Amino acid sequence: MDFQLSDDQRALRSGMRDLLDAVFDRDRLRAAVERGGTLDRALWRELGAAGFFALRLPEEAGGVGLGLPEAVLLFEEAGRALLPGPLVATHLAAGLVKGAAEGEAVVTAVDGDLPVAHLAEADAVLVGAGALVGEPLRAFVAAARPVRSVDPLTPLHRVAGRTAATEACPGALDYEGALLTAAEQLGSAARTTETAVQHAGDRTQFGSPIGSFQAVKHLCADMLARTEPARAAVYAAAVTGDPVEITAAKLLADEAAVRNARDCLQIHGGMGFTWEADVHLHLKRAWLRAAARLGGAAAEELLAAGLGAARPGSGSSAAPGGGAPEAGGGG
Amino acid sequence: MDFQLSDDQRALRSGMRDLLDAVFDRDRLRAAVERGGTLDRALWRELGAAGFFALRLPEEAGGVGLGLPEAVLLFEEAGRALLPGPLVATHLAAGLVKGAAEGEAVVTAVDGDLPVAHLAEADAVLVGAGALVGEPLRAFVAAARPVRSVDPLTPLHRVAGRTAATEACPGALDYEGALLTAAEQLGSAARTTETAVQHAGDRTQFGSPIGSFQAVKHLCADMLARTEPARAAVYAAAVTGDPVEITAAKLLADEAAVRNARDCLQIHGGMGFTWEADVHLHLKRAWLRAAARLGGAAAEELLAAGLGAARPGSGSSAAPGGGAPEAGGGG
Amino acid sequence: MDLTYTEAEEEFRRRLREWLAGTLPGLPPKPSPDDWPARRAYDTAWQRMLYDAGYAGLHWPVDAGGRGATPTQHLIYLEETEKAGAPYVGANFVGLLHAGPTVAAEGTAGQRARWLPPVLRGDEVWCQGFSEPDAGSDLAALRTRAVRDGDAYVISGAKIWTSHAEVADWCELLVRTDPDAPKHRGISWLAMPMDAPGITVRPLRTLAGSTEFAEMFLDEVRVPVRNRVGAENDGWRVTMVTLSFERGTAFVGEVVACRRTLDALADEARRNGRWDDAVLRRRLGRLNAEFRALWRLTQWNVAESERTGGVPGTGGSVFKLRYSGARQELYEAAAEVLGADAFDVDREWVLDRLSSLSYTIAAGTSQIQRNIVAERILGLPKGR
Amino acid sequence: MDLTYTEAEEEFRRRLREWLAGTLPGLPPKPSPDDWPARRAYDTAWQRMLYDAGYAGLHWPVDAGGRGATPTQHLIYLEETEKAGAPYVGANFVGLLHAGPTVAAEGTAGQRARWLPPVLRGDEVWCQGFSEPDAGSDLAALRTRAVRDGDAYVISGAKIWTSHAEVADWCELLVRTDPDAPKHRGISWLAMPMDAPGITVRPLRTLAGSTEFAEMFLDEVRVPVRNRVGAENDGWRVTMVTLSFERGTAFVGEVVACRRTLDALADEARRNGRWDDAVLRRRLGRLNAEFRALWRLTQWNVAESERTGGVPGTGGSVFKLRYSGARQELYEAAAEVLGADAFDVDREWVLDRLSSLSYTIAAGTSQIQRNIVAERILGLPKGR
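In order, the protein sequence lines correspond to chains A, B, C and D. Position 21, counted from 1, in the first sequence is what our numbering calls 945; the numbers after and before it change by one each time, with no gaps. Position 93, counted from 1, in the second sequence is what our numbering calls 1017; the numbers after and before it change by one each time, with no gaps. Position 248, counted from 1, in the third sequence is what our numbering calls 250; the numbers after and before it change by one each time, with no gaps. Position 364, counted from 1, in the fourth sequence is what our numbering calls 366; the numbers after and before it change by one each time, with no gaps.
Since the hints were made in silico from the structure, they are not lab data. Keep in mind the model is a prediction, meaning the values are calculated, not measured. Be aware that one or more of the hints could be misleading.
Unchecked claim - Here are the simulated BS3-like pairs of lysine-lysine, each with C-alpha atoms no more than 27 Å apart in a straight line: (1) K384(C) to K32(D); (2) K32(D) to K185(D); (3) K384(C) to K384(D); (4) K185(C) to K185(D); (5) K185(C) to K384(C).
What the hints assert, rightly or not - If you anchor each label on the Cβ, the simulated ranges turn out as follows: (6) R965(A) to D278(C): 49 to 55 Å; (7) D278(C) to E970(A): 55 to 61 Å; (8) V149(D) to D951(B): 37 to 43 Å; (9) R934(A) to D65(D): 45 to 51 Å; (10) P1070(B) to R150(D): 25 to 31 Å; (11) R950(A) to R50(C): 43 to 49 Å; (12) D278(C) to R934(A): 46 to 52 Å; (13) R116(C) to E1045(A): 54 to 60 Å; (14) R1069(B) to R378(C): 23 to 29 Å; (15) E970(A) to D65(D): 52 to 58 Å.
For every residue, glycine included, the Cβ atom is placed at its ideal position computed from N, Cα and C.
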């Protein structure tokens, strides 16, 4: 067992971070906010060229031939950087929808009764196991109604006649999508932790950096204590691909992303409440992602259903149990 | 409107506190713990003589002729002092069961499927609207089974054939019982707050009283912020007698009692984990009371059912609504 | 423990209700939130109506032109106007609730005569220049400098979180007049005319997308010395007299509104089927308990204030600490009720959810409130 | 990111399972928790069996008589023994997990030869005399005095939270040998024979009613100077070398046990009908996510420790902070599952609920853990 990043994985991750620093710095982020989250096609193609969408396609199909663990690292970086766009849907569509793998096509997805992201600029829409393109897509878009999105980076459309929620019986693609969304949440949670720590060290009140006050210090500690278990859960779920494990990872990453953004905002005080600070972008995106692809109630029910000594994959042993666990040493 | 204690109410409360200081000081409390919570009959009679049980009986029936607000103040003091015994049941039985009003009889009650408190020493048991005494009582006790109680101050019996929960449709007595239980919880919550503050000021670590550290300070502040709304809710419910208001009071007082005891324990550190510290007595009693007489889930459902603009007593106005409430000044 | 209102209080309520019932239907439509001059006009017109009906400055002392109402009457006023959907205090907020009372308490006869009547009549609007970019929770660390030059102060610096700055006539301004004194001792309180040269107001966009606050930059703005209220360098005390004057009524309207929102959430959940979710339903039940208790706590604090004659209360910090969190929980529950609609800003409650994020920050963060509760009420030792 | 075990690791697990399957059925029944001598006998007999089978001191260095196992092998050992319901380390805890490793790291050859083999064989039991009534979280404030008198220290003071003191042969004791030095600099580490005159052990009853801890009073107890490990006044460093030696395995068995408890709670809730309560059911679902993540985080920390060769880790504080709270939530959920049975101490999980209350306090309160995480991992400035 070596549940750590391999050298290749580390290189992949830092390569992605360098790429995003270069092609999606803070100026481009704020520019994306100002144009309401509509996509930069050139950037989308750059992501395609870097293998972001084709990462898990076999090499013989023009892909990179890597797996979910590597994809999770890239999506974590995307989440850190607040990279806009239907990243998960387009990644899942690689090999299924023409141009998705290369970043030539923008592919979005219908997810339960949630409003659909980036619909106006989408070249295809995943609906269940299929994809709408061409005339059916145009008809679908025509019947949709734009809504004023709470997240400035994610334009939303209500689609006519709500599609039934898919959560009741998710398929393999749904779980993969949930995992990659969890990875984005993880990246966001880690980023807001860093931002909060940075601010707490810089901002002085009452003659000291606010990070020297326990109230602020402990908020930061709790942020890390949300991020690290979520990280272990997301990475492990990427390795095993187990549905219950993915569900657990999504739940914890959602909680880490939303609550860390809230704490980061609190630590920033009034400045955190402004449009100019990035923290609200993390929070609003985290809200959207938490509702998407295995949201709270459905995830909790799946995890509850996965419990019980007789259930498969419950992590229990059939061996006879011994009393209470050791309470640890005194001293 | 003068939602404050009247002079008479203040006098009543301080009289009760003085009485308990005299007849149930810490030595007697610990003695009660050591004998497993069995009652001191002499003390019970003293309570009776002081009018604790007969408080709300009309004067012409030999009672004190006061109301729920005054009863709530006495039960709050009882909760503060961790006074053991089926106080609520005996108080409710005054006028119903011979000797209850005078403290000659110990009256306990069956409450849903909970184990029954102080059954072995009870002279009567309230079951629904009636009371068992004499032979039926003896048969009832004979069929019961003592359980090793989590609360050292409250001996418990399982009764044969669980009685159906009464929460589904509580009667007036049930609400009164819930309110008086809430008052005990309130007293306990206030007491653990004081104890925690006292300890935080006395205990020195790292060269300072631990109460000078924000982590401890903020725990104490949150304790008070649980107690005071619970106090307002309990007192108001005593004035109005409104079932939904009583339910709200019980829920908040339960939460205040349990969580304040937990925080008090945390602030006491290792010493709080010992048998000798009183904090565990507050916690365990608070657990029992929280489950009794309108516990969590039932209370929450009743409160939910009480919501909605069309519902009676919802506190809403039929007047047309005006947008969002004022955000308060900037500056 | 008396929750019944006196005959006089009931009479006050009856007359107010009558007046509201007769008056509100004739009000013009509310202006767009982005149209500042229209908002000012709407708010000041409403204030003029209150003035004409005898409700202006309800809680102000009679000798300041107010009605000298009791805290309970003030509570009734706030409860009834909220329930009736009357306009909010809006642009008159600073004048009526802070600058005015400060002038009333600490100003000279001339200052009172100059500044108070226009506030009561809705003729003049005030804004507040207290917070600075580097002095948030630590307000007394403010750095905006005022240098005496003849009969004027020359002021330079930056202020933030100034509401209604675009349309205000006056700004109650805290400035540092003695940079060498301990930080609480070198501050003065000035009334700055907002048309003075050197003032630049820049809207500050919040995360809710609104521009209800502004930054204000001051570049050698001249303010006459006679506009100072209280002694030079005594501005901290002058300000705190009013800031800490708490009659328990600060959140009356909001709590009433939150309870109405909660009822509406239950109705909506029953309508859209989410009422079947026991987790959500019971969460709404808990919020019912929470806001009922906050309402009762409001009455408790008001009654206490009535007994003490309005001595500065500390219960306000406990209330704010609890209420800020409860309000945020209310709008988190609203998002659950809305489900997929929670991402549509045009749906009711969505912007309120965003606004509620400021509640644990504005007017003293919850961390600061906990310090106040622990040190000033519980008596724990100072520290960090 | 490799979660598959190597062939060698699988082989280690196979042999361990075989041995456990063959050995456990022959164990005598567990002694009563109140019978200390019987508990010592049971625990040391088990240790002897481990010794004979080659599992004693699995994680100790080979030159100290241990097996020099990797962190991953240690994880497998703890996981498998927990799953098989093998006895806990019990009375051997301090010897195997702290005093022994300290002697191994800092002791002289003679000290190692004297003290290590009896620990591995289960011949001698150690207890720990670190905490004092006035030095809890602030351990270095300890005041137990040791005064040099010839070739012995004469020791007076009081210790608390000493497990197994009644049946221990040795106590690893921290004493103040220089009262004038800064508090971390005047401390020495001594091995105190528990049969020395002047030691009084008094059981300390916990709120769970058990007496697993004791207070220990020292009245002019003489301990030979040769029993000191490390230099005089260097005891803080000596102790911390071992206390901070964290291979991520500290809670392996507990997390495995918590997950089994969670499964059992679901089974019980399905049996007694409380599974129909969606609030409780979803709460159990969240705990499933929580403990799955804690298991994966354990593997992550162990793998990290394996890579770094067991360098003191800081991840342990994050883990403990999260785990302490999760364990308390687990037993709060257990009380919900038990319903009316939650007040019967003889029902499974009720005593565990009481014990879990110490988790956010013992071995560094959650408040202290947050300080450690914030300062040592996140690099926030020191303060309060």
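We went through each hint and held it up to the structure:
The straight-line distance between the Cα atoms of K384(C) and K32(D) is roughly 52 Å, outside the 27 Å bound, and the hint therefore fails. For the suggested pair K32(D) and K185(D), the alpha carbons sit about 43 Å apart, so the restraint of at most 27 Å is broken. In summary, the hint linking K384(C) to K384(D) is supported, as the alpha carbons are separated by about 18 Å, within the 27 Å threshold. At most 27 Å may separate the alpha-carbon atoms for a hinted pair to count; K185(C) and K185(D) exceed this at roughly 36 Å.
A distance of roughly 18 Å separates the Cα atoms of K185(C) and K384(C); the hinted pair therefore holds under the 27 Å criterion. For the hinted restraint 49 to 55 Å between R965(A) and D278(C), the CB-CB distance of approximately 44 Å leaves it violated. Between D278(C) and E970(A) the Cβ separation comes to about 47 Å, which falls outside the hinted range of 55 to 61 Å. The hinted window of 37 to 43 Å between V149(D) and D951(B) holds, with their beta carbons roughly 39 Å apart.
Take R934(A) and D65(D): their Cβ atoms lie about 34 Å apart, and the range 45 to 51 Å is violated. At roughly 58 Å, the beta-carbon separation of P1070(B) and R150(D) lies outside the given 25 to 31 Å, and the hint is violated. A C-beta distance of roughly 48 Å is found between R950(A) and R50(C), which places it inside the suggested range of 43 to 49 Å. Evaluation of the 46 to 52 Å hint for D278(C) and R934(A) yields a pass: the beta carbon distance comes to about 48 Å.
A hinted range of 54 to 60 Å for the beta carbons of R116(C) and E1045(A) is consistent with their spacing of about 59 Å. Separated by about 52 Å at the C-beta atoms, R1069(B) and R378(C) break the suggested range of 23 to 29 Å. The hinted window of 52 to 58 Å between E970(A) and D65(D) holds, with their beta carbons roughly 56 Å apart.
In summary, the numbered hints that this structure violates are 1, 2, 4, 6, 7, 9, 10 and 14.
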